[in-house]
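Please construct the entire structure, taking both the sequences and the accompanying hints into account.
Quick mapping for you: the protein sequence lines, in order, are chains L and S.
Sequential numbering of the first sequence, starting at 1, is according to the working numbering.
Sequential numbering of the second sequence, starting at 1, is according to the working numbering.
Think of the hints as simulated: they come from the structure by calculation, not from any bench.
A few of these clues could be false.
Taking lysine-lysine and the DSBU-like style, the derived pairs with C-alpha atoms no more than 30 Å apart in a straight line are [stated by the list, open to error]:
{"no.": "1", "chain 1": "L", "residue 1": "79", "chain 2": "L", "residue 2": "55"}
{"no.": "2", "chain 1": "L", "residue 1": "331", "chain 2": "S", "residue 2": "331"}
{"no.": "3", "chain 1": "L", "residue 1": "315", "chain 2": "S", "residue 2": "331"}
There are 2 protein chains.
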Amino acid sequence: MNSNNYCIIMAGGLGSRIWPVSQRDYPKQFLDILGTGETLLQSTVRRYAMVCPIKNIFVVTGESMAARVHEQVPALDPKQILIEPYRRNTAPCVAYAAAAIRTINPNATVVVTPSDHAVFNDERFAASLRQAFEVCERQDWIVTMGVPPTMPNTKYGYIQYSEELAMPGAPDVHSVVAFTEKPSVEMAAKFIATGEFLWNAGIFVWRMPVLERAFRQYLPDVAATFLDVEYTDDFNYWERVYSMCQSISVDYGIMEKADNAHVLKASFGWSDVETWDSLYDTAEHDANGNVVLGGDAMLYNSSNCVVSIPQDTDKTVVLEGLDGYIVAASKDVFMVCRRQSENMVFRFAADMDIRR
Amino acid sequence: MNSNNYCIIMAGGLGSRIWPVSQRDYPKQFLDILGTGETLLQSTVRRYAMVCPIKNIFVVTGESMAARVHEQVPALDPKQILIEPYRRNTAPCVAYAAAAIRTINPNATVVVTPSDHAVFNDERFAASLRQAFEVCERQDWIVTMGVPPTMPNTKYGYIQYSEELAMPGAPDVHSVVAFTEKPSVEMAAKFIATGEFLWNAGIFVWRMPVLERAFRQYLPDVAATFLDVEYTDDFNYWERVYSMCQSISVDYGIMEKADNAHVLKASFGWSDVETWDSLYDTAEHDANGNVVLGGDAMLYNSSNCVVSIPQDTDKTVVLEGLDGYIVAASKDVFMVCRRQSENMVFRFAADMDIRR
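Written out as C-alpha cells, the structure is:
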C-alpha cells in the first residue's frame, strides 16, 4: 500500500430523499441503509482503507455529528476527524482537509469522496482507485471516477469524455470534454445512446500541488484563507474564515473549469443511495426482480419491490402480493409506497412533522 | 343491576387465524387487536359488567394463562378465575363454571360467552343482553344471541329461526328452527336471501335449573361428574374428571338438540375477530373503505384496506397506493398481504416457525 495515498471523506451532509431511513437528525451516512451490518460511513472507510493507510484517512463533518463519526469509526484518531464550523458545500471542505494533510505530507496524493454512497463491488472499486492514484502520481491531472450509466437517471451528474485514451497503454483514463448536471430524462437517454457519457460518482484524485494550483486558479478567495496561510488549528480562525466563506462545490468551482480534468472509466456497482429508484437499479435483484436489503423479510407472490429493513429490527417483515413497491423500515417509521410514488416521501416527512 | 345475573367468560382458547396479531403463545383474547387500548378479554369483562355485577363474573382459562387473566383484569377476585386442567371444548367448561356458581347461587341466571370477540356498540349490546336475562327469568328457555348477517360469511354458525315472536309483546325473541355450521358461500348467500337466518354469536343465557336439566338430558356423562356430585374445589378431582372427559361443544352437545332453544335477534356490531375479512366487514370504514385499528397509520391513495397496528408500536406506519390489503403489526411481525390472500397466514406462520 502506498503511504503517499491520502483520503478525505466528506461526512457533513444532512439527510436526503431516501426517507424514511434517512432523516434530518440522522443523516444517511450514519445509517446501515443497505442492511449490510455497516453504516455507509463505515463501509466507505473500509473501502478506502483497501488503498490508503488508515492513518491517512480524514473525515470532515459538523460539530453535531463528530461524536457519531468517532463512535462508528473508532480506528480513527481524533486528529483524523476534522470539524467544520459551518456547512459551505464541498470546495471549502476539501481545502480545509487538504490544509491539514499538507502539514503532514505536502506531496500527498489525495482522493476526495462522499461518505454516503453505495459500492457493491469493493474489489473492482479498489482496483480502479489504485489506478487513479497511479495516474495522478505521474501526471498533473485531476482524475475523477466515471461510471458507465445503466439507466437514464435524472439525478446524477454526467461526464462527457473524449474517446481516446489519455495515456496510451494505461488504464481507461480519458480527458473530460464537459460536466453536465442533472439532465432531463430525454437528455439522459440521449447521453446513454451516444456512449460518450459517464455518471459522475463524486470521487476525484489529485496530488497536493495540483489541488493547490486548482484552488489558486479557480477559487482564489478560498485559496487565500485556507491554503495560502500558515496552517493553524485555532478553531476561532476557521470559524471566522467559514463564516465569511462562499458556499461552493468542487464540481462547479473547479472541475467544470479545470483544463486538466480527466475521468477514469470504472464499473463497481455504484449508487448514490439518494433515491429508492437508483438503489433498486444498482443492487442485486432476485428472480422476481426484488431487491431485499438488510434484515428478515419473507416475500410471497411479490415482484419488482425494493425492501429495506435494518438488521436490528425486532420484527420479521412478511409481504404478499406486492408488485413494484418500496417497503422500508427505520427507527420510527414503517413505509409501504409504490416505487412510482417515491417523490411523496417529502410529503410523508412533512406530514409526520406536523403530527409530532 | 340484577344481582342474580352471572357471567361465564370462556378464555381458554389458543390463538387463531388472525395472524400475525394472534399467535399460539399469546392467544388473541389477551391482545388489543382492535387497538382500543383494551385487550379483547378486558373489553369483554367491561361489557358484561354493564349487566352483571363484577363479583358475579367468572373467567375460565388454562393454567398457563391464569396469570395473564389476573394481570389484565385485577378487578376479579382469584376465586373468579377458574382453571381448567385440560381443554375439552365448551360444554365441560360451562359445566365446570356452573358448578362453582351454583354453590353461591343455585338460581343464578347465567350468560356464557367467548372472550375474544369484538362488539362495536356496547350500549346496544347491553340492552339486548338485559332483554335476554329478563326473558330467561320468566321462561325455562335457553336464549342465544343472533346477529342479522351482513355478508355471506362461511366461517360463522347460522341460526334459522321461526318468524313469529315467541313472547308476543316481548323483545325480538324467536324459537330456533335449526343451527347450521359453517356453510358454503352459496348456501350462506341463500340463507341471507331468505331473511330467516342469523349469525350465531356464541353467547347464550339460561337459568341454572335450565342449564342443569339440559346437561342431564343431552350430556349425561358430563352432568354426572360435573353437576350431580357435591361440589369440591379439590383440583385433583377435576384433573381426573377432565382427563377422562369427552371434548364437546355446547352448540353440538346441547343447543342443536335442545327443544327450548330460542334466539334473540340483536345487532351490536359483532365480529368473532377470526378473520381479517370478518373484521373488515364489521368495523367502521373511512371514506376510502379503509378500516384502521389501533396505532398511528398514515394512508395515502389507499383504499379497501384493513390496518391493524397495536397502540404501543414504536413506529408510524405510512402506506401509499394500496388497494385491498391487510397491513398488520404484532410484537414480532409486520405483515402486508392482499385481503384475498388472507388464507396464506397459515403458510406465513409455518414458514416463520421453520426459520426460527
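Results for each hint:
no.	hint	verdict
1	L:79 - L:55	holds (10 Å)
2	L:331 - S:331	holds (15 Å)
3	L:315 - S:331	holds (7 Å)
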